[in-house]
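Peer 1: Sequence:
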Amino acid sequence: MSLALALGRRGLGNTWPNPSVGAVIVREEQGTPLVVGRGWTQPGGRPHAEVEALRRAGDAARGATLYVTLEPCSHHGRTPPCADAIIAAGIARVVSALEDPNPEVAGSGHARLRAAGIAVEVGLGAEEARLAHAGHIRRMRDQRPHVTLKLAISADGKAGTAGRRPATITGEAARARVHRMRAMNDAILVGIGTALADDPQLTCRLPGMEKFSPVRVVLDTHLRLPAAGALAVSAQQTPVWVVSGADVSAETVRALRQKGVEVLHAAAQAGRLDLAAVLRLLAERGITRLMIEGGPTVAASFVAADLVDAAVLFRSAKGLGAEGIDALEGLPLEALTGPLKSLGREPVGEDSVEFFARP
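Letter 285 of the sequence shown, counting from 1, is numbered 285 in my numbering, and no numbers are missing.
Please keep in mind that the hints were generated in silico from the structure rather than gathered at the bench. Take the hints with a grain of salt, since some may be wrong.
[Unchecked claim] Here are the computed distance ranges between Cβ atoms for each label pair: (1) P103 <-> P226: 38 to 44 Å; (2) P226 <-> V122: 47 to 53 Å; (3) E210 <-> L3: 24 to 30 Å.
Ideal placement from N, C-alpha and C gives every residue a C-beta, glycine not left out.
Working from the sequences, and respecting the hints, build out all of it.
Peer 2: Given below as structure tokens:
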């Protein structure tokens, strides 16, 4: 199951709206367990992990055990049910980490396997599988993505310099880690303030990983994103979704759409978008894992709305001074870290990173 979980992580950020599942087929050969098939959900969500593992195993799957990180599907979507493929392949036993919360499955996959005479065990590796499938679970149960907030913080708790000018806080190793995080999320979100101040690319720029860049989402109530900025100019290569209020200029909408930007609308009040409505909108479009990368105003608004499920804090050993901008606009950092549970801290080059999650 550990191998299946590791394989499933290969697809994080690239299989939405489907979960990134891992599967391993094992058979006994002269009393020794032998892996005969490995699979993980392919880009775009199909083929599914089980089908990939069965294809690689071929005839060796007959009489073998399948380890899978999520219940095999039992419904007809764009592909036939994985449960039927497992039965047809002659698998004798299935060890599944979790029941799928998708109401179209929800135990029916396991039931179909048992009805075919296959031994089914559920629960091995469940805790780790819940973390791996947090996006899928959150989207199914709460109709929103799993939200991770990433912050880079100076030693004195600041996220930028006076005047809201961007600052280089962490070193090269931490920045490379952030690019890897981007690749493992379906979408990355910033506010229009960050988009205007930094003119960021928000892509994964590690060697060979540009194709794994997530959808880039900008919260922009009044639709101020410039059509000549880095995000709009690159929208044809890496998707950009701008979420605005309803009362915006049709001419500006047309200019952005001509660049390839998708303009979406969500409810707004007093000049602020309804964040819960924004998350529902993203979930409806298939997003399961969302990373928030800036800035302090947007970060604080998600914290205040209790919509942060996990946090990743990169801490620098260097300070920015008393005039620097706080990491969370108008809130102490404890407003984020207090309700969450620390999962541990580790060095990243000259900096450190600490992980938090809902208890």
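Peer 1: Now tell me, hint by hint, if it's right for this structure.
Peer 2: Results of checking the hints against the structure:
1. P103 <-> P226: 38 to 44 Å: holds, 42 Å
2. P226 <-> V122: 47 to 53 Å: holds, 52 Å
3. E210 <-> L3: 24 to 30 Å: holds, 28 Å
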